[in-house]
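Visitor: Each chain, letter by letter, is given below.
2 protein chains.
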Amino acid sequence: MDIYAVILAGGGGTRLWPASRRKRPKQFLPLAPGGRSLLAATVDRVAVPLDHVLVVTAAPQVAEVRAALPALPPNNVIAEPVARNTAPAIALAAHELIRRKAGDAVMALLPSDHVVTDEAAFRQVLEQACAAAARHLVTCGIRPSRAETGYGYLELGDATEGPAREVRRFVEKPDRVTAAQYVSSGRYLWNSGMFFFRADRIWRETQKHLPEAAKAIESANYANAPAISIDYGIMEKASGIWAVSGDFGWNDVGSWTALADIFPAQDGNVRLGGPQVAIEAKGNVIVGDALVALVGVDDLVVVTTGDAVLVMPKERAQDVRAVVQELERRKMEPYL
Amino acid sequence: MDIYAVILAGGGGTRLWPASRRKRPKQFLPLAPGGRSLLAATVDRVAVPLDHVLVVTAAPQVAEVRAALPALPPNNVIAEPVARNTAPAIALAAHELIRRKAGDAVMALLPSDHVVTDEAAFRQVLEQACAAAARHLVTCGIRPSRAETGYGYLELGDATEGPAREVRRFVEKPDRVTAAQYVSSGRYLWNSGMFFFRADRIWRETQKHLPEAAKAIESANYANAPAISIDYGIMEKASGIWAVSGDFGWNDVGSWTALADIFPAQDGNVRLGGPQVAIEAKGNVIVGDALVALVGVDDLVVVTTGDAVLVMPKERAQDVRAVVQELERRKMEPYL
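Chains A and B, in that order, are what the protein sequence lines are.
Numbering-wise, the first sequence is residues 394 to 729 according to my numbering.
Numbering-wise, the second sequence is residues 394 to 729 according to my numbering.
Hints are computed from structural coordinates only; laboratory data are not their basis.
Bear in mind the structure is a predicted one, so any value in this text is a computation, not a measurement.
Even for Gly, the Cβ is constructed at its ideal location relative to N, Cα and C.
A couple of the hints might just be wrong.
Residues from chain A that keep clear of chain B, each with C-beta distances beyond 10 Å, as calculated [as the list claims (entries may be wrong)]:
#, residue
1, L422
2, P423
3, A440
4, P466
5, D497
6, E512
7, A552
8, R562
9, S622
10, D624
11, A631
12, T697
Covered stretches of chain B, as calculated for chain A (at least 3 residues, CB under 8 Å) [to be verified]:
#, segment
13, 468-481
14, 666-678
15, 685-691
Could you put together the complete structure from these sequences and hints?
Guide: As structure tokens, then:
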């Protein structure tokens, strides 16, 4: 079975500001174990030959992708002329594989900005998912460890096929009570955003559910495609979706506090980057190359870059968006 | 009356780390109103011609002094070959003035690292002090506004002479209860470290009370002088000391929190340097050129430099010394 890793690296996002900027979004940040970029770590962990890795990214980020992955064949970076969310981006990659006479290959669709701490366990799930993808649309679910309201969920059905299990439906981000019910039921998985299917299959699904996207890509007018996610645009409509699941230390690094779940604390604090001096200071998440000295402060996020510093309690980590909005309002472009 | 401003710029100190470093101590930092260095602001406020300004500094800081005061005649920077505290440094300047046939000039001895916000009021006190210094050893006292335990005090006697009042004794930094008694008695002033006397007078006092220092200076063997402050070495022993006092917004910038007493708050926070974004964040003192974004934190000190960031509650401001000690212990020279 021919397998292509198709890595979606077109995202922006503000939740890791000030390290992430418009010109250098999260996937390029050295937040993976070993100090690699999240993108490079994503490529490393799938362990397929580089000529079978496609990276789909926004046109302005092509150079950054090539710099992060110098050994990747240049033709394997696919530039989205404009951002149209994941469904058209995936169809674009499928169309390219069909053009390369690889329509029967399985695409392992992977976000470029997640962390996986157990790569061996991940590869086992990847293998199961690719096997199932010979026949099905496959998604990878994460067994929920808490009543997270920031993720979508997969509701499982009863049918099984080896390690794969039928998906009854995709469900939106739930409220806290609903999330708790999902977790206790044992019938729900987190939607990780990883998908597996044959290129020709997802192309047919695109023609069926998003005909404008298929037409836009065929006519090389990508901007005409609707901006829609693979979840909304295809997975919630298609039938015959199966899930594999596993426990491989998955983390979507959705905020600075996520680092505390990925990296061990040193001296009571999680530190990525330069040195720290912590005096009566515990539970902080500290990121950046500068020396950071903390005295008598607990449970803060402190992020330094060359030109900016962010300080906030861990529990306010989502409010970094408000900072970015304020910078946008004040038109402080150099910091965006 | 001939007046020389003699500015003591040889200090080190760690309380404003990470902005202050061994190679760039506090007096060179742009902490004076208007963004001037404390040293330059000290020279500006005495308003005497630059050929009547002497700056006494440590030998390694001569270049930095010249850079901070480009219009100062080069010969008016007096280098202490080694640090011997204030009494020998002052005698060195007095000896130089006698050598220049200005033994009858009044020396206005001023620390280089204090802030004065009301310069007109300061100059009025300066004038009174210099007038009294034609006959006396004169110190400038600050009327205490709180029971500060970080300063020495002057106990006043009853004799007056115009605006000057006799000093009964110099007293050490008191404990909190004693400090409160001092303040409520109305008979005590803070010792500001500013002194006024004729050059020949302080030289005679040095010969009398610190003969080794006088001998070391006369024989050009400065290192032989004992290291001792003017307070201990001379003022606590000499008789006939008078004080002038005034209210001119004096602040010795003894910690980062002092900036909150000097500069007005913007948007609820005191900010020196670059831009800030403060979301539900009040009472913070923020220093440095980087953009600082604070979310949901109050009453912190946040100081940024190119290579280091300090975060601590304002009430822990004195503990920056512990950070510097830790850096010394770890031999992290670039940050010292």
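Visitor: Determine for every hint whether it applies to the structure shown.
Guide: Outcome of the hint check:
1. L422: The assertion about L422(A) holds, with a minimum of 17 Å to chain B.
2. P423: holds (18 Å)
3. A440: The claim holds: A440(A) sits with its nearest Cβ about 38 Å from chain B, beyond 10 Å.
4. P466: P466(A) clear of chain B: closest Cβ-Cβ about 39 Å, beyond 10 Å.
5. D497: holds (50 Å)
6. E512: holds (33 Å)
7. A552: Since the minimum Cβ distance to chain B is about 47 Å, A552(A) lies beyond 10 Å and the statement holds.
8. R562: holds (37 Å)
9. S622: Since the minimum Cβ distance to chain B is about 29 Å, S622(A) lies beyond 10 Å and the statement holds.
10. D624: holds (30 Å)
11. A631: Fine: 41 Å to the nearest Cβ keeps A631(A) off the interface.
12. T697: At roughly 5 Å from the nearest Cβ of chain B, T697(A) sits no farther out than 10 Å, so the non-interface label is violated.
13. 468-481: violated (count 0)
14. 666-678: With 3 residues close enough to chain A, the hint holds.
15. 685-691: holds (count 6)
Hint compliance for this structure: hints 12, 13 are not met, and every other hint is.
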